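First to last, the sequence lines map onto chains E and R.
Using my numbering, you'd call the opening residue of the first sequence number 1 and step up by one each time.
Using my numbering, you'd call the opening residue of the second sequence number 1 and step up by one each time.
No lab work stands behind these hints, which were simulated from the structure alone.
Computed from a prediction, not measured in an experiment: that's the story for all the values here.
One or more of the hints may lead you astray.
[As the list claims (entries may be wrong)] Footprint (simulated), chain R over chain E, 3 or more residues, beta carbon under 8 angstroms:
#, region
1, 70-80
2, 143-152
[Stated by the list, open to error] Cross-link-like lysine to any residue pairs, in silico, SDA-like; alpha carbons within 25 angstroms at most:
#, chain 1, residue 1, chain 2, residue 2
3, E, Lys-296, R, Gln-72
4, R, Lys-354, E, Lys-235
5, R, Lys-313, R, Pro-152
6, R, Lys-354, E, Asn-138
[Claimed, not checked] A few chain R residues that face chain E, going by a derived Cβ cut-off under 10 angstroms, partial list only:
#, residue
7, Leu-76
8, Tyr-79
9, Val-81
10, Cys-83
11, Ser-243
12, Thr-247
13, Pro-310
14, Glu-327
15, Asn-330
16, Gln-339
17, Arg-342
18, Phe-346
19, Ile-355
20, Asn-359
We put the CB at the ideal spot given by N, CA and C, even for glycine.
Listed here are the chains, written in short residue letters.
2 protein chains.
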Amino acid sequence: MDKNNYCIIMAGGPGSRFWPLSTEEHPKQFIDLLGIGETMIQRTFRRCAQICPRENIILVSSDLYGDIIHQQIPGLADYQVLCEPTRRNTAPCIAYAASIIRRRNPNATVFVSPSDHFISGWDDYVEDISNAMDIARNNKWIITLGAQPSNPNTKYGYIQFDEELPMPPIGNLHKVLTFTEKPPVEVARQFICSGEFFWNVGIFIWHIDVLIDAYRQYLPAIAEAFFDLSEQTPKETIDRIYSQCETISVDHGIMEKSDNVYGMRASFGWSDVETWDSLYNTCDHDRSGNAFISGKVFAYDTRDCVVHVPNNKTVVLQGLDGYVVTEQNNTLMICRRDQEERHVKFMSDVELSKIKSKNKH
Amino acid sequence: MDKNNYCIIMAGGPGSRFWPLSTEEHPKQFIDLLGIGETMIQRTFRRCAQICPRENIILVSSDLYGDIIHQQIPGLADYQVLCEPTRRNTAPCIAYAASIIRRRNPNATVFVSPSDHFISGWDDYVEDISNAMDIARNNKWIITLGAQPSNPNTKYGYIQFDEELPMPPIGNLHKVLTFTEKPPVEVARQFICSGEFFWNVGIFIWHIDVLIDAYRQYLPAIAEAFFDLSEQTPKETIDRIYSQCETISVDHGIMEKSDNVYGMRASFGWSDVETWDSLYNTCDHDRSGNAFISGKVFAYDTRDCVVHVPNNKTVVLQGLDGYVVTEQNNTLMICRRDQEERHVKFMSDVELSKIKSKNKH
């Protein structure tokens with residue numbers, strides 16, 4: 001394992017799509033979504049630690065989640081957990097971590113990863129990323145990974161690879177032509193038919209110098225604000241910088257503009273598990289199509305359901321077809337899997353009612 | 001309130017029909033089935049205390065439930081909670097309590113009541129029972145109550161009243177002709193059409209002398225074994241008597257044989273709430289036909305459901321029609337209301353699995 005390999009894990013998202021499992025206080029990355037005794041961020045950290053030395057992994061999150069991270073990943077040094085005072089999307093987040101990394105090792109190769117995605121085929125994953133890091137170490141390229149799309153998902157981002165003229169001629173990299181966020185379904189269908197489009201898995205690999213240069217060129221204000229930060233910078237300074245900083249994603253701020261982004265086809269399986277339906281599809285099913293992720297489930301005449309409850313809970317289901325059954329924080333939700341876009345409404349109704357009831361007392 | 005009024009509350013049943021709410025360790029009478037902050041036995045005790053002085057109420061239960069009774073009804077004296085070592089149905093249970101009552105007051109009038117039935121119209125109830133006690137005080141009759149049947153229920157017992165010739169000519173009492181337990185549905189339909197049949201609400205009112213005489217005549221072995229018991233009788237003696245005692249109901253052992261049983265039409269509403277469906281029918285419904293008995297429920301596209309969960313639990317339901325949703329002891333059950341006869345199977349599957357898992361460790 002190369003001691004110049006560094007990793008930035010982005011762990012500040014407030015994802016409450018899996019409410020009541022996930023909440024703003026305890027979002028998706030801190031949940032054992034797969035029911036395997038390991039939270040998404042623990043799993044991501046363990047995976048990244050197969051590529052970078054443990055002490056080279058920096059987690060960037062929110063002030064809200066610093067304690068949870070130290071709790072879930074014991075033994076991290078202070079410099080490994082950076083807490084943002086406000087959410088400013090991914091560009092500032094990566095800049096903050098990059099500034100710390102550059103001071104620790106000006107020859108770092110940096111691998112940026114989300115904290116809450118599902119990866120199958122860990123060996124392939126480690127091999128892909130390690131290969132990409134080896135290439136990025138000696139080239140001025142930004143390398144990203146594209147997963148083979150299996151359906152016209154309208155919630156993902158798509159990357160277009162230049163298939164005609166693979167460039168540069170190493171590592172099976174292709175020039176990246178376009179980035180498209182969440183296309184309409186017809187567009188997504190055309191993307192898939194063309195064979196040129198891949199799901200953007202949110203992973204970027206670049207040498208620290210390439211990263212710094214890209215920020216200086218495309219996001220100079222962020223570069224200027226962030227690249228002087230060190231482990232000793234007082235919190236007041238961080239707060240001030242964030243309060244004045246633009247909210248922008250690294251995709252939009254750099255990747256879409258830069259002309260030296262190269263794509264690699266991921267050989268591992270990937271899902272961002274953003275919805276109950278994608279979680280259902282990610283998990284193993286029994287013969288009746290049920291994904292009983294956690295809890296001790298006894299099912300009768302029950303099909304195509306997904307169950308995620310505390311592991312010590314017994315659940316008896318009878319006569320349910322296509323439902324989500326989940327519980328967390330003493331809140332039980334039973335609803336149709338195909339109605340999951342309404343979860344946000346359910347959540348806000350419940351939370352509003354709690355606030356009203358608090359105000360009454 | 002007459003100080004000779006006594007009450008025997010029978011509270012030894014093991015009812016687990018409402019599993020997972022009710023279990024053999026914590027059966028129906030000890031549950032707040034109606035979600036009103038009061039268990040069935042607390043409610044029964046409070047109702048009976050409107051008819052008999054509190055200290056004249058004797059609860060007969062099982063060794064298993066003595067502690068729960070003292071917990072749920074604080075301040076009871078030892079003589080008020082009789083614990084049977086084994087279940088022998090209602091005839092021995094009433095004989096045991098009657099023996100204690102006779103020693104305390106040889107002029108007692110005794111009202112025998114189940115502990116886990118639903119009564120609506122408490123004023124009517126108090127008036128009916130008080131009237132019956134006034135009559136029983138001065139007559140050698142056994143008085144029972146019959147509720148107007150609203151449907152051909154096949155799980156209830158039926159009492160046939162002699163409508164032609166009301167006898168005796170006081171208190172609107174009718175001679176009771178027959179007792180029928182759980183008739184087939186065609187028979188139950190005929191019973192209802194005839195107008196002569198009433199639901200047996202399991203309440204009997206008799207002077208202590210009438211009770212003793214009836215046992216001596218129809219159940220002499222039980223009379224001999226039990227009527228020497230006192231508050232001082234050692235537990236070993238009780239255990240021995242129960243081990244040798246016949247298992248028989250007071251209905252079968254006395255009521256069906258005696259020719260001085262008289263029936264009174266109950267003016268209160270009654271249900272033995274023996275099934276989820278009868279609980280559903282007993283409770284108030286919202287406009288969508290839901291009976292949300294306990295818990296904080298948020299329902300969307302949900303009809304004809306019954307929810308009974310711990311009160312501090314939030315439940316979000318979407319797209320459910322005709323389901324039971326219930327939780328107790330960390331066991332959640334979601335199943336169709338019309339499939340409730342299968343609950344016993346669900347319960348045994350879960351309990352068996354717990355035993356197996358214990359044996360493994």
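So, going through the hints one by one against the coordinates:
1. 70-80: Per the Cβ count (0), the hint is violated.
2. 143-152: It is violated: at least three residues are needed, and the region 143-152 of chain E offers just 0 whose Cβ sits closer than 8 angstroms to chain R.
3. E/Lys-296 with R/Gln-72: violated (32 angstroms)
4. R/Lys-354 with E/Lys-235: violated (53 angstroms)
5. R/Lys-313 with R/Pro-152: violated (36 angstroms)
6. R/Lys-354 with E/Asn-138: With a Cα-Cα distance of about 59 angstroms, the restraint between R/Lys-354 and E/Asn-138 is violated, given a limit of 25 angstroms.
7. Leu-76: violated (34 angstroms)
8. Tyr-79: violated (40 angstroms)
9. Val-81: violated (32 angstroms)
10. Cys-83: Violated: closest Cβ of chain E sits about 30 angstroms from R/Cys-83, beyond 10 angstroms.
11. Ser-243: Given a least distance of 36 angstroms, the restraint on R/Ser-243 is violated.
12. Thr-247: violated (32 angstroms)
13. Pro-310: With Cβ-Cβ at 8 angstroms, under 10 angstroms, it holds.
14. Glu-327: Check passed: Cβ of R/Glu-327 comes within 7 angstroms of chain E, closer than 10 angstroms.
15. Asn-330: Hint holds; R/Asn-330 Cβ to chain E Cβ min 5 angstroms, cut 10 angstroms.
16. Gln-339: holds (6 angstroms)
17. Arg-342: For R/Arg-342, the interface hint holds, since the closest Cβ of chain E sits about 7 angstroms away, which is under 10 angstroms.
18. Phe-346: holds (5 angstroms)
19. Ile-355: violated (13 angstroms)
20. Asn-359: violated (16 angstroms)
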